[in-house]
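For reference, the chains in residue letters:
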Amino acid sequence: MTTVFTRDQIAARIAADIPEGSFVNLGIGAPTLVANYLPTDLEIILHTENGMLGMGASPAVDQVDPDLINAGKQAVSEQPGAAYFHHADSFAMMRGGHLDVCVLGAFQVAQNGDLANWSTGAPGSIPAIGGAMDLAIGAKSVYVMTDLLTKQGESKLVESCSYPLTGVGCVSRVYTDYAIFDVQAGTFAVTELFGDNTFDEIVALTGLALIDGTAGKGDAR
Amino acid sequence: MTTVFTRDQIAARIAADIPEGSFVNLGIGAPTLVANYLPTDLEIILHTENGMLGMGASPAVDQVDPDLINAGKQAVSEQPGAAYFHHADSFAMMRGGHLDVCVLGAFQVAQNGDLANWSTGAPGSIPAIGGAMDLAIGAKSVYVMTDLLTKQGESKLVESCSYPLTGVGCVSRVYTDYAIFDVQAGTFAVTELFGDNTFDEIVALTGLALIDGTAGKGDAR
Amino acid sequence: MIDKSVPNLSQAVAGIPDGATVMIGGFGRAGQPVELIDALIAQGARDLTIVNNNAGNGDTGLAALLANGRVRKIICSFPRQSDSWVFDGLYREGKIELELVPQGNLAERIRAAGAGVGAFFSPTAVGTELAEGKESRVIDGRTYLLEYPIKADFALISAYKADRWGNVIYRKTARNFGPIMATAAKTTIVQVDELVELGTLDPESVVTPGIFVDRVVVVGERRWLNNGEFVGGVDLEGRPLTASEGGDR
Amino acid sequence: MIDKSVPNLSQAVAGIPDGATVMIGGFGRAGQPVELIDALIAQGARDLTIVNNNAGNGDTGLAALLANGRVRKIICSFPRQSDSWVFDGLYREGKIELELVPQGNLAERIRAAGAGVGAFFSPTAVGTELAEGKESRVIDGRTYLLEYPIKADFALISAYKADRWGNVIYRKTARNFGPIMATAAKTTIVQVDELVELGTLDPESVVTPGIFVDRVVVVGERRWLNNGEFVGGVDLEGRPLTASEGGDR
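Top line first, the protein sequences correspond to chains A, B, C and D.
Its first residue numbered 1, the first sequence is counted upward by one per residue in this note's numbering.
Its first residue numbered 1, the second sequence is counted upward by one per residue in this note's numbering.
Its first residue numbered 1, the third sequence is counted upward by one per residue in this note's numbering.
Its first residue numbered 1, the fourth sequence is counted upward by one per residue in this note's numbering.
No wet-lab data here; the hints were simulated from the structure.
Treat the hints with care, since some could be wrong.
BS3-like mimics (lysine-lysine), calculated; alpha carbons at most 27 Å apart, straight line [to be verified]:
(1) D:Lys134 / C:Lys134
(2) D:Lys134 / D:Lys161
(3) D:Lys161 / C:Lys161
(4) C:Lys73 / C:Lys151
Predicted model, so just to flag it, every value in this text is computed and none were measured.
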């Protein structure tokens, strides 16, 4: 039976890959969930582009401080060791290559690592880019967190993006609800299958030429 | 009899022209003397390019703090209302046009406002520029404090500089030991004569075509 | 004696002419100078170009300025939000011009204006539709786009405390665009919770030195503070919580 | 648990190879990381390119590194000083290469390296001999020169206090180049008077966040401080005053 991870399961899987001491930016929307699954005994430092390192969890409702929010404009808290800075310094951290990991959502990811996550290009839609283009080119590792398929059942992993790009060749890895994919020299490599999912099922769902990079495959050779 | 101001007299004369509320950078060397003559009842805020606004006077000898120095590496003090910042922020203030006045020394000033104050271009000399080029192009008003004549009796005010330039067309006004000169559309205007010095004497000393911009001259017309 | 404080909000925003470019601090509601914006609405300036990260939230502050038809153009990174209905309507009706700028370019271009940088090569947006019409260059094997400074006539900023020289400190993530906008505007106007005695702010911790500030106006403490202590009991818009949420109402 | 502190100076400077580019903080003696420089001399790396505002003072610190013949090239704004005899001698003998950079360009180029800026148009040095060979461009009626980032393999910085995450604060004008050099080097090494508990530094006042810091080493309080209080009684080199000067000696 096909295994489809929930968003929380994907978030937990991503969290497990982030080493202690990493500086991490979690994009607005679903990637924010990753924070809930970071091991509490490890020190991982969250960056929010609106000017903070050492961001902590959502506060209790009566501890909401409107001066202390994340990039999604949600209330957050301050960890010991936190620091505040202005927007140019915050984006200098990003654009200067100092963040270890960012996690972003996606409309599409192409097999060369191109990312489309800010606009469907639909006529009449209101564009909004925020910090996504800066994160895409700035973080050392750009992880995408997404469902593999659109609501219409189309693969979000594609040969080349049809939607407007956020960044070129910038994605390192894609965590989907079916499997994990690494971007390797212009091709997606499936590095982990969730549950009993098979490589062939993923090939069928994406319609792409994929590399089988799962440990099992490696072992079998 | 010809009046020749001492350096302290020139410094006092410059200080008298600086309005309250000005942000002022005093270059290393003689311009530093201006600080001693700023009226103590007026608030004038001194900038030092090594990262401070609100710089105060030299401390007593037993209050010397090696962490608190000016651009000339001399001990200074901190006024109430001071602020510290790093070097890029400090020069952004300068280069972004936020300083009202800087006072610099000079080897030569040309009648178009060109300044030469960092190198005589002599073979074998060791060059050192520091922040002079940034000050020259950055401050709203660039005042030069200098003797009118070199030790060899040559005018430091010249048609065009023979020494390497610090900045092009950047000088607003020159305070010398004989008179004050404004740079006006490619010509020096004598705006104030010290003591009994006459316009004709200054023309003779400089060998330049000068404008008589003294108040007396203006009144006489 | 230098005293940059002005006695009221109307004097704080005096002289902003029609057609001015006005930077407005804040990221969403955090650091948004709502009182200064309300004063600007009352003051009446029209045909404004606004620089802000967003394009207004709800019906107050920047959104109210837009709703009053005062804004010709907005330069921002993230106009579309769950509560940006005022902007959304104006944009769909073609009543407001939008210049969309990636947030990092927005911040760096504002900084460049304050720092005297003529232009800079930015790594962001290469290969995207926002690169169209921009000069590109490969430096050290990487492609960059040339970006120009964003300057303003006025900046309206919300901060925590100031002294009469205009030295300013901020509070938490409400700092955001304030420090850089203060450097990029000809006239910088700061609203603060509190004006403190000169010499009270730690010189090591001043974030915006007075050289960048022209006017300071005191608006009083926000509802989630009491004598500088965080007392909570508000929602994200700063409204007191209801009793069922643990508040006083 | 993140702990960037290292137990001693030799571990702090471990791994700096021959031929490395090393930024050294400080303006004159203020903020000069003398203990780290001494450790670098003991460590033995040669053929270094050094980035500093100056080229050494007296016979200690950076001057001693130069005197030991470890420096191939120095990038600085103000080599010639009353006490720069070590550099002066090497330069006159042709034993050291000098790249002279106006101080504002030096600072902005270091910042650019840390901020991911590919290059920028600078207003400084236009029309001077330091403009030779540089690309110029007129923007908005003003001429600028194109300047490139200065990056480094290592930065050696002296600061006041740090925590184990590498958050750093400085003291007075000893801050100078530290914060920008920390952003521009692959590996940033900070010597501090004191390591403090995580959470002790005010998040509003951290100057260099830990993201820019790799190693922290404690060297103890300078001679003009006692438990963080300024006690004076030193000269500009930090030496205790003699009795006739009002000191203890």
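Going through the hints against the structure:
1. Using a Cα cut-off of 27 Å, the hinted pair Lys134 of chain D and Lys134 of chain C holds, with the two alpha carbons roughly 22 Å apart.
2. A C-alpha spacing of about 40 Å is found between Lys134 of chain D and Lys161 of chain D, which places the hinted pair above 27 Å, so the restraint is violated.
3. With a C-alpha separation of about 25 Å, the suggested pairing of Lys161 of chain D with Lys161 of chain C holds against the 27 Å cut-off.
4. Between the alpha carbons of Lys73 of chain C and Lys151 of chain C the distance comes to roughly 14 Å, so the proposed pair stays at or under 27 Å and holds.
Consistency with the previously given hints fails for number 2 only.
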